[in-house]
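Q: In order, the protein sequences belong to chains Y and P.
For the first sequence, this note's numbering assigns the number 30 to the initial residue and increments by one for each residue that follows.
For the second sequence, this note's numbering assigns the number 51 to the initial residue and increments by one for each residue that follows.
These are computed hints drawn from the structure, not numbers from a lab.
If you're wondering where the values come from, they're calculated on a predicted model, not measured in any experiment.
Positions of the beta carbon are idealized from the N, C-alpha and C atoms, including for glycine.
Watch out, some of these pointers could steer you wrong.
Claimed, not checked - Have a look at the derived ranges for each label pair, beta carbon to beta carbon:
#: 1; chain 1: Y; residue 1: Glu86; chain 2: P; residue 2: Val288; range: 58 to 64 Å
#: 2; chain 1: Y; residue 1: Glu86; chain 2: P; residue 2: Pro289; range: 55 to 61 Å
#: 3; chain 1: P; residue 1: Thr451; chain 2: Y; residue 2: Gly198; range: 53 to 59 Å
#: 4; chain 1: P; residue 1: Ala563; chain 2: Y; residue 2: Glu86; range: 47 to 53 Å
#: 5; chain 1: P; residue 1: Ile672; chain 2: Y; residue 2: Asp64; range: 35 to 41 Å
Said to hold, decoys possible - When the alpha-carbon atoms are kept at most 30 Å apart in a straight line, the in silico DSBU-like pairs for lysine-lysine are as follows:
#: 6; chain 1: Y; residue 1: Lys113; chain 2: P; residue 2: Lys614
#: 7; chain 1: P; residue 1: Lys614; chain 2: Y; residue 2: Lys196
#: 8; chain 1: Y; residue 1: Lys161; chain 2: P; residue 2: Lys679
#: 9; chain 1: P; residue 1: Lys627; chain 2: Y; residue 2: Lys161
#: 10; chain 1: P; residue 1: Lys614; chain 2: Y; residue 2: Lys164
#: 11; chain 1: Y; residue 1: Lys164; chain 2: P; residue 2: Lys627
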Amino acid sequence: MRRFILIGAAAALVLVAAPLAAQPVVQLPEGEGRDVVATACSQCHALTAITQLRQGEQAWRYQVYDMVLRGAQIAPSEIDGTVKYLAASFGPGVPFPGPPAAPVTLPDGAGKELVEGGCALCHGLDRVVAAKRSKGEWNGIVKRMVFFGAPLAPDQATTIAAYLDSKFGAD
Amino acid sequence: MKELIRQYIDQGISRRKLMTGLSAVGLSTVAAKSIAQSLAPVAGVVPTSPPAGAMREMKGTGGALFVQQLKAAGVEYIFFNPSTGDAPIYDALVDEPAIHLVKGVQEGAVVAMADGYARASGKTAVVVVPNIGLPNAMTQMVNTFKDRIPLLVVVAAFGQDQLGRDGPQDYEHQEVMVQPITKWYWQANSAAGIPETTRRALKFAATAPAGPVFLAIPDNLLRMEATATIMDQALFDVPMRLRPDAKDVEAVARLLIEAKNPMMSIGDEVTLAHGEAEALELAELLGLPVAGQAEFGTWSKPFPTRSPLYLGTVLATMRFPGQIDVHLNLGNQYGEKAAPGKKLISIRRDPTSLARVTPVDMGIVADPKLAAADLVAAVKSIATKERLKQIADDRGGRVRTYTKGMWDLRGKIAQDLSDGAPIRMERLGVELEKGLEKDTLYVADVDSGKTLEPFMGFGGADKTYIGTGPNVLGWGMAGGFGAKLAHPDKPVVAVVGDGSFLFSGPAPLWSIARYKAPITVMVLNNQSYNNERNRIWTFGGGAQFKTGRDMTCYNGSPDVDFTKTAAAYGVEGETVKEPGQIQAALARAKAANVDGRPYFLEFHIQRDGVGAASEWHPPLSIASLRTRKV
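Bound-form chain P, shown alone:
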């Protein structure tokens, strides 16, 4: 009995085994239960009092333990590509209807699908891919990491007795490889410990600021039978909805009320905190002009772009509204812009990013939703309704005049640039705004396509924008698939450039077809890394610019027929070459989606900017290198 108790205290056996052992040595059930209860606090198995049913002991393979811990975390989908080593995970899913497998046929696509699902749902996504395919997955994990998206990436590593023997697919310490792009990485070291390690990984992934975590589980542990406790993941949630200090809130509120020319910048942390309504209320209450949601670096548009208070990109020097005296940065990683005479207040979820580069007068680590709500309450408590109305009217009037002028200018630009084939980005933006439903999830992965977005409305009651901050291309089609999985009842379009399509390859179309995802994929084909060429030529002004030789960015020759590629996967679609064809094509796409089928639209888009007409590329023909015709 003494040995049994020692094993229990050392966590070598479970409570059930202790009870069984005590009964076997002659103790009654009541006595055994009494001893087990008296030992529980010492053993530390139950540090708090969990709700009934929040934990259970189970015996199974490491793969089964992993699956059941995911189930206890509420995980509904595993995005995967299989390998031999992780078979115990899939064996455990044969009779487990609570978790669905979603297959991708390349690891980058698998991660991008999961990432899109996580961005659209707010839930932690789970990925299982082969260890040898981890480098493929890592490309897209950069997007996930930079944008603080919760993701668990798991591989079945080489068995512990095989590691380090230089086997054909063995590379040592793969977990270290992901270090720069994960919040945490680990290799499981016992089968019984898999549930605990999985809980820890999920906790790290989901705790704000969120991000990808990596877990390698040696395949011998996945096959090994063990007994472990499965616990409700909610017991390990770390609430990071931090309220700002009340005195800080009051100080900021007073600054915003008293300011002569204030501005607010806004960013992705508002989206992650679901603080869009509170941020809008704060801006409207005080007539604050709002900037942010920039061309580069941000992946969402939490503030309505059609709001008369929305200015556009946040810049170091804002020509409008001019010399800012108080700048409130709410959850924008790139919104901290210091300037002489300006009071810069930054409210951020991520303390590592706050004041990382720029000096900040007042830094506050808090949940942007709560902070905005508290600021609204504080402002209302400090100033009368009449005074607030006066402030909002005075400031808002000037902003409205400016933003109306800019919308009118965009209208003129659209008129000036609307005709001709290939289709101009600006015209496509106008047509998409006309043709897409207001509740559409607009999933974008197109560098050149940023110029169509100012013609469209996002945020608030309008379309939801989902992209990636780093613009690591090849994400969009798979990201759109993941968004549709998260929101099957919303229209989803995945807007990608030819560059993005070629990066991912058609792999995401396989999943779109397999799982009957009724989304519309739009490929904006200008046969070029168009923005890249413009930056290289104009910013650098180097030899490529001087000689007119585009060494790198022309993607034509071969002139890929993307619509035919989609057809190879059974995805119906068409190529649109004229502006006048766009609305009819959008209508056919919508009809297909309503009918439960994906649809594919390839738009022939005009290359633009410096060097746009060049089709020359460095000549190299392998056929001509031959000395004999073989």
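The following block holds chain Y by itself, in its conformation from the complex:
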């Protein structure tokens, strides 16, 4: 049975934080790096800011770097462990919290299966169909999703971007 640590996230950034009582209680899965996340990250924001994201190791590393630059006290020796913990606990394919996303039927076309298999690892397909976007924006988003950890080969990313542009492109 998995053990969880219960964190009532105390937000310390006075300008952006909600009162302590309003912060949700978040369960962090066990693992090396959990204590660092529990103590360092919760100084400034609720842990839902982490648990709702799904990112691969490189993206989590950049996220941790960003937080260090903003004042998080994570020692150099703790960086790798923290990144691995975050990627394992909140990486692509880990079920995301909250109710299941609304079912979406994508239009047929080359790339449909890649979208269903790749994008849905980290978020609902309702996000894919929520807005029409330009070709350049779809290219940028797919590139960004690969950075975030979507397991796509370069040709697959190209296929997905073309599919999204053809089906959900802005006029």
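Starting from the known structure of chain Y, fit chain P onto it as the hints suggest.
A: Showing chain P alone in chain Y's frame:
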């Protein structure tokens, strides 16, 4: 004669008029002088004995009286935008070379210029703006108020016989509107009283904790002729350099010496008190780790960020140095962090802010510079040199190991994130650290840009950081102008985001060009309120995050060419899109500044974080709403 004396005692006439009147009724000059002297203490015109030349009587318009009282206060600049009603002020400046007018073309920019001047110089800045433009000014007055910066804001109000008649630009009791963001507000009620009211306003503005004050002067009073006494403002200075009680100092010194794991937090009040050297000496004497100067809420960096004792942001729970037993908070508004088992001592200039939220074990109202100096002296008197060296070595050694590790980590981060276009904030931080002079005034107004600052050195012999605590954007370009006016012999860069530029608009460029301010404006353009989007999406996790629709923060479309905007004001500049172009661009900017010209650099910066790739924004086309093509 009796009537003359009554008028003099009631302060209806001046001493000179009394003397003239007494002579007119036949008294000799000696006799008149004798009577005037005998009446002076009763009249109370001269409550103390001012130095010779410290006061003089003058006759003039209300505008002239105002100007001469400012001159007697040592005011060198009036930051302004004109209105018809305040013309008597400017008339009085036609032949008054001691005070220079500095024009801004929007009231927010005027206040921000004055605010930047006050922060950089430590002097009270004076602003005159149209009464109808007061709401524009108020946006930037929030920065001034929250950061306790001395500022006098004046408007020419509607004439007393016109007020309340619902005229086209008349809104009643405008002075009340500024109440939440001023230390004091007032409306002058007589022309003869303008100098006294101005002195009072300047006194309130400058007395620590300082802040903005507001004075409305009805335009009929500015035009009216009156006789009044102009007094040296120094006679009204209230010295707030309070020394802490000696017994308190000794108690704190003993706690800091005996502590197992102490820490000091430091904040803007140290900057305002010019106590940087004393705070550094105290920290080094005791090997104290120092935190503070946070991402939000503080506007200066009084402690050298490159000091091996400097940790970074002050947090509720410091993972390093761990469980703190004694925490000395020196002048940091947000530094009071209580915890079980910790003794929290807070030394503050501002009694209203001290222990406002957090329970404090020992609160001391004192000037941080004097308090730090007294603590240094007390520590030295209590412990031997050998013991202090041992303490500093033991504590400082651990801190140095930690801070060196964090600098090394930042070096690795810079390496990992250095390449690619658009330019990353982290790379820009490394390049600015390489390219800027050590004595640069670094004026910052960029929310997303906080991540470049840890790669740079501020404080001590390094660059001077000037920002705003509340981050009310639109301040930076004008603030940089004001800082340059205060320190013409220092390099100044104004670093703003595209969000800040769009808030202020290009208005500050007008003043920068008009007054040939050789500063470098840097716009960090990521076409987004990038940090805002990250906070909204990740902290809230609401519908925008879930659907990937950025309803609010994308600033592209139109993709503004800021460099062209600068060119429209005659400010030379360039757009930098690649990391490899940065140093050459900085060199051209420096050359222009050395030559006496402003320079403008627009950096194309990578958006970062959640939702960064999204360019979508809620579609609305007014052209498509039309039913006929007009």
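Q: Each of the hints needs a verdict: does it hold here or not?
A: Results for each hint:
1. Evaluation of the 58 to 64 Å hint for Y/Glu86 and P/Val288 yields a pass: the beta carbon distance comes to about 59 Å.
2. Remark: the range hint 55 to 61 Å for Y/Glu86 to P/Pro289 is upheld by a beta-carbon distance near 59 Å.
3. The supplied range of 53 to 59 Å is met by P/Thr451 and Y/Gly198, whose beta-carbon atoms lie about 55 Å from each other.
4. For P/Ala563 paired with Y/Glu86, a C-beta distance near 49 Å keeps the hint of 47 to 53 Å intact.
5. Take P/Ile672 and Y/Asp64: their Cβ atoms lie about 54 Å apart, and the range 35 to 41 Å is violated.
6. A hinted pair counts as satisfied when its Cα atoms are at most 30 Å apart, and Y/Lys113 with P/Lys614 does not qualify at roughly 46 Å.
7. Between P/Lys614 and Y/Lys196 the alpha-carbon distance is near 37 Å, which puts this suggested pair outside the 30 Å criterion.
8. Pair hint Y/Lys161 plus P/Lys679 holds up; C-alpha atoms about 26 Å apart against a cutoff of 30 Å.
9. For the proposed pair P/Lys627 and Y/Lys161, the alpha carbon gap of about 28 Å is at most 30 Å, so the pair holds.
10. As the CA atoms of P/Lys614 and Y/Lys164 are separated by approximately 27 Å, the hinted pair is consistent with the 30 Å bound.
11. Between Y/Lys164 and P/Lys627 the alpha-carbon distance is near 22 Å, which keeps this suggested pair within the 30 Å criterion.
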